[in-house]
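Student: All chains should be built: construct the whole structure from the sequences, respecting the hints.
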Amino acid sequence: MKYLDEYRDSTLAEQLSQRIHKATKHNWTIMEVCGGQTHSILQYGLEDLLPETIELLHGPGCPVCVTPLELIDKAVAIASRQDVIFCSFGDMLRVPGSQNDLLGVKAQGFDVRIVYSPLDCLAIAKNNPDKQVVFFAVGFETTAPANAMSVRQAKTLGLGNFSILTSHVTVPPVITSILQSVDNRVQAFLGPGHVCSVMGWKQYEAISNHYKIPIVITGFEPTDLLEGILRCVLQLEAGEYKVENQYARAVEKEGNKVARTVVEEVFDVSDRMWRGLGSIPKSGYKLSYDYADFDAERIFQLETISAEEPAICISGQILRGLKKPHECPAFANMCTPETPLGATMVSSEGTCAAYYKYGRIGQTK
Amino acid sequence: MCLAIPGLIESIYVQDNINMAKVNFGGVKRATCLAYVPHAKAGDYVLVHVGFALSVINEQEAQSTLKVLKDIGELDEI
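First to last, the protein sequences are chains A and B.
Mapping of the first sequence onto this note's numbering: residues -7 to 357, in sequence order.
Mapping of the second sequence onto this note's numbering: residues 9 to 86, in sequence order.
It should be emphasised that the hints constitute simulated quantities derived from the structure, not laboratory data.
The structure displayed is predicted, hence computed values, not measured ones.
Check each hint, because a few of them may be wrong.
What the hints assert, rightly or not - Below, simulated DSBU-like cross-link-like pairs (lysine-lysine); rule was C-alpha separation at most 35 Å, straight line: (1) A/LYS(-6) x A/LYS123; (2) A/LYS(-6) x B/LYS49; (3) B/LYS78 x A/LYS249; (4) A/LYS234 x B/LYS75; (5) B/LYS49 x A/LYS315; (6) A/LYS274 x A/LYS98; (7) B/LYS30 x A/LYS147; (8) A/LYS194 x B/LYS30; (9) A/LYS147 x A/LYS249; (10) A/LYS349 x B/LYS30; (11) A/LYS245 x B/LYS30; (12) A/LYS274 x A/LYS349; (13) A/LYS245 x B/LYS78; (14) A/LYS249 x A/LYS194; (15) A/LYS123 x A/LYS274; (16) A/LYS98 x A/LYS278; (17) A/LYS123 x B/LYS37; (18) A/LYS245 x B/LYS49; (19) B/LYS37 x A/LYS98; (20) A/LYS204 x A/LYS147; (21) A/LYS(-6) x B/LYS37; (22) A/LYS245 x A/LYS17; (23) A/LYS278 x B/LYS49; (24) A/LYS118 x A/LYS98; (25) A/LYS123 x B/LYS30; (26) A/LYS234 x A/LYS278; (27) A/LYS17 x B/LYS75; (28) B/LYS75 x A/LYS245; (29) A/LYS147 x B/LYS49; (30) A/LYS147 x B/LYS37; (31) A/LYS349 x B/LYS75; (32) A/LYS147 x A/LYS245; (33) A/LYS349 x B/LYS37; (34) A/LYS194 x A/LYS274; (35) A/LYS118 x B/LYS30; (36) A/LYS278 x B/LYS78.
To be verified - So the derived label-pair ranges between C-beta atoms look like this: (37) B/HIS47 x A/ASP122: 36 to 46 Å; (38) A/VAL250 x B/GLU18: 16 to 26 Å; (39) A/LYS245 x B/LYS75: 16 to 26 Å; (40) A/LYS349 x B/HIS47: 18 to 28 Å.
Yeah, the Cβ is synthetic: ideal placement off N, Cα and C, and Gly gets one too.
Tutor: In structure tokens:
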């Protein structure tokens, strides 16, 4: 398909690999931020095309993974009500809460539905005026415009039986948090292409300048990722640090201004808990004052629900690039995609799940 | 969750005062919201995430990137 096949050309990928080998003189660590990028790297075996001296660190950019256990428990509590139709993207259904997951709630006979778009929930709300329709609004800046539009449209249409359970997280604060940690290992970032298609990449210039670190906004196809890695290596070897945009076919410096405007209208920036990482200041979105009537946490009064993550899980260290899945004693035995213990195994885009799926159970890179 | 896929806009229509489109993803057709790409038109490729087009694919930039990648290969053969 156009704009997919061309960027999966194996000849171009091989040529880029050779160029990376030639350019690399020293040991470097590069973190890809986005879970979609992690998935592509493992799916296409791109690490095998890199010199031994380049280590890819897999970052915290999987929103399904980093949604706190507490939010899953809240979703389960709302979905387990007779008066509710609970809607979610499919990848949230198997994420385990403390006692149950949304698929389990559905199996018990409650009305849990997978939707393709948050706008689908508005049609469901219109057709079911006697039910409360709740959407599990999870995602990074890429998903925020869609979720914001669903709330804005619900208000415009006067839908009083629609609300969202919000778990929105944002990228710049978490990469800043990684760079500020005393044990940080990241020397360059592959920036999140689709997040930047919405938000642009101005925010990343301040981070690159302050921490003197290369950031290359990168797409998701094999040649995108290899070109992103090559650009990082060229900067690192030259002692340079700047933001480059590898994904120019989809990302402009200013991002999508229309989308940003709606996100800013519907959401306010807020502190957020990240599964495996704890609370990060100003790292998420909550509904703004004007849209507070659409807040499911407020409607269903869930403040009393809280949960703790399993102590054995090292996902927090994996998300910060400090450890790899094989260094966890629970990996691939106690903790599998069927019985995940923590953030990085709960979604197919998580590092542990991707290592497990692509057979890298005992591998270090 | 953050994956977005390019698709071809086949036709545009209005629903509840929002611009929508029928978008073809390699044979699979889905309703897609165009609210965030008001300049998009039939025949454009758009990057679509959870039913929303987030950007119109810039064909010139796409071809330019491919040319750079091909040039890298040719340079190495010299």
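Student: Work down the list of hints and note, for each, if the structure agrees.
Tutor: Against the structure, the hints come out as follows:
For a cut-off of 35 Å, the pair hint linking A/LYS(-6) to A/LYS123 is broken: about 42 Å separates their Cα positions. About 17 Å separates the Cα atoms of A/LYS(-6) and B/LYS49, which keeps this hinted pair within 35 Å; it holds. For the proposed pair B/LYS78 and A/LYS249, the alpha carbon gap of about 33 Å is at most 35 Å, so the pair holds. Proposed proximity of A/LYS234 and B/LYS75 is supported: the alpha carbons are some 23 Å apart, at most 35 Å.
For the hint pairing B/LYS49 with A/LYS315, the CA-to-CA distance comes to about 47 Å; that exceeds 35 Å, so the pair is violated. At roughly 34 Å between alpha-carbon atoms, A/LYS274 and A/LYS98 fall within 35 Å of each other, so this suggested pair holds. This hinted pair checks out: B/LYS30 and A/LYS147 have alpha carbons roughly 25 Å apart, not beyond 35 Å. With a CA separation close to 33 Å, the supplied pair A/LYS194 and B/LYS30 stays within the 35 Å bound.
Note on A/LYS147 and A/LYS249: the hinted pairing holds, with a Cα-Cα distance of about 22 Å set against a maximum of 35 Å. At roughly 34 Å between alpha-carbon atoms, A/LYS349 and B/LYS30 fall within 35 Å of each other, so this suggested pair holds. Pair hint A/LYS245 plus B/LYS30 holds up; C-alpha atoms about 28 Å apart against a cutoff of 35 Å. This hinted pair checks out: A/LYS274 and A/LYS349 have alpha carbons roughly 33 Å apart, not beyond 35 Å.
Annotation: proposed proximity of A/LYS245 to B/LYS78 holds, straight-line Cα distance about 25 Å (limit 35 Å). For the hint linking A/LYS249 to A/LYS194, the alpha-carbon distance of about 13 Å falls within 35 Å, and the restraint holds. Pair hint A/LYS123 plus A/LYS274 holds up; C-alpha atoms about 34 Å apart against a cutoff of 35 Å. Only pairs whose Cα atoms come within 35 Å are accepted, and A/LYS98 paired with A/LYS278 is accepted, the gap being roughly 27 Å.
Between A/LYS123 and B/LYS37 the CA atoms are separated by roughly 30 Å; this keeps the pair inside 35 Å, and the hint holds. Between A/LYS245 and B/LYS49 the CA atoms are separated by roughly 22 Å; this keeps the pair inside 35 Å, and the hint holds. Using a Cα cut-off of 35 Å, the hinted pair B/LYS37 and A/LYS98 holds, with the two alpha carbons roughly 28 Å apart. Taking the CA atoms of A/LYS204 and A/LYS147, the gap is near 44 Å; set against the 35 Å cutoff, the hint is violated.
For the hint pairing A/LYS(-6) with B/LYS37, the CA-to-CA distance comes to about 15 Å; that is within 35 Å, so the pair holds. Distance restraint check for A/LYS245 and A/LYS17: the Cα-Cα separation of roughly 31 Å lies within the 35 Å cut-off, and the hinted pair is therefore satisfied. For a cut-off of 35 Å, the pair hint linking A/LYS278 to B/LYS49 stands: about 33 Å separates their Cα positions. With a C-alpha separation of about 22 Å, the suggested pair A/LYS118 and A/LYS98 falls inside the 35 Å cut-off, and the hint holds.
Pair hint A/LYS123 plus B/LYS30 holds up; C-alpha atoms about 30 Å apart against a cutoff of 35 Å. For the hint linking A/LYS234 to A/LYS278, the alpha-carbon distance of about 31 Å falls within 35 Å, and the restraint holds. Taking the CA atoms of A/LYS17 and B/LYS75, the gap is about 26 Å. The hint holds against a cut of 35 Å. The suggested pairing of B/LYS75 with A/LYS245 holds, with an alpha-carbon distance near 22 Å, which does not exceed 35 Å.
Annotation: proposed proximity of A/LYS147 to B/LYS49 holds, straight-line Cα distance about 28 Å (limit 35 Å). Distance check on the hinted pair: A/LYS147 and B/LYS37 sit about 28 Å apart at the alpha-carbon level, within 35 Å; holds. Simply put, A/LYS349 and B/LYS75 have alpha-carbon atoms about 34 Å apart, close enough for the 35 Å limit, and the pair holds. Distance restraint check for A/LYS147 and A/LYS245: the Cα-Cα separation of roughly 31 Å lies within the 35 Å cut-off, and the hinted pair is therefore satisfied.
For the given pair, A/LYS349 sits about 29 Å from B/LYS37 by alpha-carbon distance, which is consistent with the 35 Å threshold. The hinted pair formed by A/LYS194 and A/LYS274 meets the criterion: a straight-line CA distance of about 17 Å does not exceed 35 Å. For a cut-off of 35 Å, the pair hint linking A/LYS118 to B/LYS30 stands: about 22 Å separates their Cα positions. Annotation: proposed proximity of A/LYS278 to B/LYS78 is violated, straight-line Cα distance about 45 Å (limit 35 Å).
Separated by about 41 Å at the C-beta atoms, B/HIS47 and A/ASP122 satisfy the suggested range of 36 to 46 Å. In this structure, A/VAL250 and B/GLU18 meet the distance hint of 16 to 26 Å, their C-beta atoms being roughly 22 Å apart. Judged by the Cβ atoms, the range 16 to 26 Å given for A/LYS245 and B/LYS75 holds: they are separated by roughly 21 Å. About 39 Å separates the C-beta atoms of A/LYS349 and B/HIS47, a value inconsistent with the hinted range of 18 to 28 Å.
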